[in-house]
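Could you put the whole structure together from the sequences, leaning on the hints where they help?
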Amino acid sequence: MPLISKIRHEIKESELHGFKYFKAISGMLDSLHKAGCQRDRAVNRKLHMDQYISLLLLYRYNLIRTSLRAVQQASELKKVQRKLGCPCASLGSLSEAATFF
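In the numbering used here, the protein residues as written are 271 to 371.
Calculated from the structure, these hints are not laboratory results.
It is possible that part of the hints are untrue.
Unchecked claim - Label pairs and their in silico Cβ distance ranges:
{"#": "1", "residue 1": "Ser-365", "residue 2": "Leu-327", "range": "15 to 25 Å"}
{"#": "2", "residue 1": "Thr-369", "residue 2": "Ser-284", "range": "30 to 40 Å"}
{"#": "3", "residue 1": "Lys-304", "residue 2": "His-279", "range": "31 to 41 Å"}
{"#": "4", "residue 1": "Ser-284", "residue 2": "Ala-305", "range": "12 to 22 Å"}
Every residue gets a Cβ at the ideal spot worked out from N, C-alpha and C, and that includes glycine.
Next up, the structure:
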């Protein structure tokens, strides 16, 4: 029986949609920007709660497969960073954010 190899599909900006909704949503999420920052004693947090939720909503709008790695990969795209106002998120930051926030 042959082993099934997992082929990683690179996400392209052209495959993503729903960015028009983030303009309206971002205003509602602004108040969450500082949430969880009290625990950040080093003051080096780059991924904030509003940005994390925006990435999760992008994931839901686009059904970006079923992995956190796909969300991380999408966060590397310039259009995603520009439209959602979030930095490129590391896999560790996304993983920690689920428990941190």
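Q: Indicate whether the distance between the beta carbons of Thr-369 and Ser-284 respects the range 30 to 40 Å.
A: Holds - the Cβ-Cβ distance for Thr-369 and Ser-284, about 33 Å, lies within 30 to 40 Å.
Q: Kindly confirm whether 12 to 22 Å is satisfied by the beta carbon distance between Ser-284 and Ala-305.
A: Taking Cβ atoms as reference, Ser-284 and Ala-305 lie about 33 Å apart, which means the hint is violated.
Q: Using the Cβ atoms, figure out if Lys-304 sits within 31 to 41 Å of His-279.
A: holds (35 Å)
Q | Cβ separation of Ser-365 and Leu-327, checked against the hinted range 15 to 25 Å | A | holds (18 Å)
Checked against the numbered hints above, the structure violates only hint 4.
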